[in-house]
Amino acid sequence: MATNTIRPRAYADGDMTTLKMLIDHPMETGLRKDKKTGSKIPAHYIETVTVEHNGKVVLDALLGPAVSKNPFIQCKFKGAKSGDALKISWKDSKGDTDTKEAKIS
Amino acid sequence: MKRRTLLKSSLTAGVAGVAAAAGLLTPQMVLAAWPKGAFESKGVDSAVKSLMGSNALTASGDISIKAPPIAENGAVVNIAVSTKLKNVDSISILVEKNATPLTSSFNLAPVTEAFIKTRVKVAKTSSVIAVVKSGGKLYSAGREVKVTIGGCGG
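Those sequence lines, one after another, are chains A and B. Under our numbering, the first sequence is numbered contiguously, ending at residue 105. Under our numbering, the second sequence is numbered contiguously, ending at residue 1154.
Read the hints as simulated data drawn from the structure, not as lab findings. Treat the hints with care, as some may be off.
As the list claims (entries may be wrong) - Listed next, the in silico DSSO-like pairs over lysine-lysine satisfying Cα-Cα at most 27 Å (straight line):
hint	chain 1	residue 1	chain 2	residue 2
1	A	LYS20	B	LYS1086
2	A	LYS35	B	LYS1124
3	B	LYS1066	B	LYS1146
4	B	LYS1049	A	LYS91
5	A	LYS56	B	LYS1036
Let's have the full structure, built from the sequences with the hints guiding it.
Shown next as structure tokens:
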């Protein structure tokens, strides 16, 4: 299991919470070739990213290999306040996962 | 120990299943399985059809796509999609000329604003299409992004 790959930042402005996150991930498409050996680099990308607040899913993102390396996602939602915890998790094409809790500032 | 957790989880799953069947649970977003077929589709129409079950797109002026008109590096292109449409269930971002156009699809909860910002790869100059599912209907808008260096295969 991957660790410490999610870098979230969430802040509340009134009733609206903005979440920005960066995830460290190679996002290999499976189409690129290794320049030295000429062999294809196998595909390896994040398939799903889930954001939960109070056990409720606020964002369920389905990603493909065409999302840039080290994916960045920004979203906004209502109903959360400063100090609340968010749970962010991802799962990739090799079954690897990571989860991170973020506090809304 | 393993057996015990297995028993416990199957038990709770069973209870939740019964509760859901009886309509006791408040409706929540059901996590979709990763739509492999849609991500492997080679055209916009087939990708949308595979993802949404329909490809009847209505062009809409209420969807705004923010993207750079010229991307120096196709590997990282900032795309922001927002819409004034109500009851938005999902926002999907497709790049028409990519080998597989579907880049990502975001399922939104009722509390989530119809706004998504992310970064995608754009292989060559292409139209970036946003598909918004709102009230069971599909709306779309497009915007051209010129790419000077390709994002795939580089």
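Right, here's what the structure says about each hint:
no., hint, result
1, A:LYS20 with B:LYS1086, "holds, 23 Å"
2, A:LYS35 with B:LYS1124, "holds, 21 Å"
3, B:LYS1066 with B:LYS1146, "holds, 14 Å"
4, B:LYS1049 with A:LYS91, "holds, 25 Å"
5, A:LYS56 with B:LYS1036, "holds, 25 Å"
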